[in-house]
Amino acid sequence: GNSVTQMEGPVTLSEEAFLTINCTYTATGYPSLFWYVQYPGEGLQLLLKATKADDKGSNKGFEATYRKETTSFHLEKGSVQVSDSAVYFCALSVRAAGNKLTFGGGTRVLVKP
Amino acid sequence: DTAVSQTPKYLVTQMGNDKSIKCEQNLGHDTMYWYKQDSKKFLKIMFSYNNKELIINETVPNRFSPKSPDKAHLNLHINSLELGDSAVYFCASSLVSGANVLTFGAGSRLTVL
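Taken in order, these protein sequences are the chains called A and B.
Using the working numbering, the first residue of the first sequence is number 1, and each one after it goes up by one.
Using the working numbering, the first residue of the second sequence is number 1001, and each one after it goes up by one.
FYI, nobody ran anything at the bench for these hints, they're computed from the structure.
Every residue gets a Cβ at the ideal spot worked out from N, C-alpha and C, and that includes glycine.
Where hints are given, some of them may not hold.
To be verified - Using 27 Å as the maximum straight-line C-alpha spacing, the simulated DSS-like pairs for lysine-lysine come out as follows:
1) B:K1067 - B:K1044
2) B:K1009 - B:K1071
3) B:K1022 - A:K100
4) B:K1009 - A:K68
5) B:K1052 - B:K1040
6) A:K100 - B:K1071
7) B:K1071 - B:K1044
8) B:K1041 - A:K112
9) B:K1022 - B:K1036
10) A:K100 - B:K1041
11) B:K1040 - A:K112
12) B:K1040 - B:K1071
13) B:K1040 - B:K1019
14) B:K1067 - A:K68
15) B:K1041 - A:K60
16) B:K1044 - B:K1022
17) B:K1044 - A:K100
18) A:K100 - B:K1036
19) B:K1022 - B:K1041
What the hints assert, rightly or not - Restraint-style ranges between C-beta atoms, simulated for each label pair:
20) B:K1052 - A:K60: 14 to 24 Å
21) A:S3 - B:H1073: 28 to 38 Å
22) B:K1067 - A:S3: 28 to 38 Å
23) B:K1040 - A:T51: 20 to 30 Å
24) A:K68 - B:T1007: 24 to 34 Å
25) A:S79 - B:M1015: 43 to 53 Å
26) A:P10 - B:T1111: 45 to 55 Å
27) A:K60 - B:T1007: 42 to 52 Å
28) B:K1009 - A:R108: 33 to 43 Å
29) B:V1060 - A:S3: 32 to 42 Å
30) B:T1007 - A:N59: 24 to 34 Å
31) B:S1065 - A:E69: 36 to 46 Å
32) A:R67 - B:M1015: 43 to 53 Å
33) A:T51 - B:N1062: 32 to 42 Å
With the rest of the complex left out, here is chain B (with noise of 0.2 Å):
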């Protein structure tokens, strides 16, 4: 049983359309992470959601709309794609808010053409 799915694991699209990654975690955890590991390979955190609630929203561009319908998934939406949104996005998830031991999904890879 996989503990933190996202999906789609990969996706090739074209600049301008509106894309979602799907992620869910069946550990039980309140707290759920999207982030952005781009070409030089750094992970960078995006946003943060505890029991459903938005806690940390890095500087990211308003085209990204992350969405918790539960606390046990945490959906990526992305309007009108760039170039520059080509890269890998972890989603992750802990056992409580503030917590610095994550667990990772296998990440979903981006290409925007």
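Extracted from the complex, chain A is given alone in its bound form (with noise of 0.2 Å):
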């Protein structure tokens, strides 16, 4: 089955640190894979996505490559803000499959001015 696992959080960082958050998957296909991202109050929006291997997705200082050889897609910021304080989401889907959305657990990440 297809499957999404990412670090747990919370992860707390200053303001202007660098982030990383982990995720790995399992998929039978090939899947494209998403980045959401949760703010306080707020749904889940769409952050990033790549849809093929290598390809990289970026969005408001956000990137995530799609790595197939280690069936990875790590969420990564240089410098991050407060307003970046969210729960974060990788999830996968396949075309096979309907396109349904497989998500990670959420990593809770606080930025501390």
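The task is to assemble the complex, starting from two chains supplied on their own in separate frames and drawing on the hints.
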């Protein structure tokens, strides 16, 4: 079956620190990969995605590269801000499975001034 | 204007009661979903409706009954609530069925005592 594993939080950082959130997956078929973010009091929203191996998704200073050889899609940001405090969810979908999203457990990130 | 809104945000009730959670989207999307976030924070799909028609029904007890009066609304009714139903329930929508980019509501936290 399909599954996503991401590091457990919370991750606490100071402003301007480097952020990495690890995500690995198992999938039958060729998945598309996603990072969703949930800011406090809001619903999840798409942060970035990649649809094939070696693709890099990027948005709002965040990046993640689809690594087929290591089945990973780690999220990185070079210099975090307090406004990046949120819960980050890694997810995948497989076309053969109707494109249903399979989510990881979420990683809470807290950025302190 | 909230794109996907769900009510109530918090719901505390006794075992055996019947309760409903309502969801509305103003995005003009064709497809709506209900996800359940368990105690380990994993999001799992429960139901998906496309233009009022049920298209995904995962292994969910039949105490859970979704209702879609029109394509902008998808309500979740739960009969005979059990302790294990305590969770955060997320409504979401997508432009079309099979899309893997979803817009989520802020979640409804259900606590069964």
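Requested in this report: Using the Cβ atoms, figure out if B:K1052 sits within 14 to 24 Å of A:K60.
Outcome: violated, 35 Å
Query raised in the report: Do the alpha carbons of B:K1040 and A:K112 lie within 27 Å of each other, as the hint requires?
Result: It holds: about 25 Å lies between the C-alpha atoms, which stays within 27 Å.
Query raised in the report: Is it true that the CA of B:K1041 sits at most 27 Å from the CA of A:K112?
Result: At roughly 23 Å apart (the allowed maximum being 27 Å), A:K112 and B:K1041 satisfy the hint.
Report task. With a cut-off of 27 Å on the C-alpha distance, tell me whether B:K1067 and A:K68 pass. Result -> Between B:K1067 and A:K68 the Cα gap is close to 40 Å, so the pair fails against 27 Å, i.e. violated.
Requested in this report: Decide if the proposed pair is consistent with the structure: A:K100 and B:K1036, CA atoms, cutoff 27 Å inclusive.
Outcome: It holds: about 14 Å lies between the C-alpha atoms, which stays within 27 Å.
Report task. Using the Cβ atoms, figure out if A:S79 sits within 43 to 53 Å of B:M1015. Result -> holds, 49 Å
Report task. Measure nothing beyond the straight line between the CA atoms of B:K1022 and B:K1036; if it is 27 Å or shorter, mark the hint as holding. Result -> With a Cα-Cα distance of about 14 Å, the restraint between B:K1022 and B:K1036 holds, given a limit of 27 Å.
Query - 27 Å limit on alpha-carbon distance, applied to hinted pair B:K1041 and A:K60 - result: holds, 25 Å
Query raised in the report: Does A:K100 pair with B:K1071 here, judged by a C-alpha cut-off of 27 Å?
Result: Between A:K100 and B:K1071 the Cα gap is close to 19 Å, so the pair holds against 27 Å.
Query raised in the report: Straight-line Cα separation of B:K1009 and A:K68 no greater than 27 Å?
Result: Distance ~39 Å between B:K1009 and A:K68 Cα, so the pair is violated.
Requested in this report: Could you say whether the range 28 to 38 Å given as a hint is met by the Cβ separation of B:K1067 and A:S3?
Outcome: Holds - the Cβ-Cβ distance for B:K1067 and A:S3, about 31 Å, lies within 28 to 38 Å.
Query raised in the report: Quick one: are B:S1065 and A:E69 within 36 to 46 Å, going by C-beta?
Result: holds, 45 Å
The structure is inconsistent with the numbered hints 4, 5, 12, 14, 20, 24, 26, 27, 28 and 29, although it conforms to all the rest.
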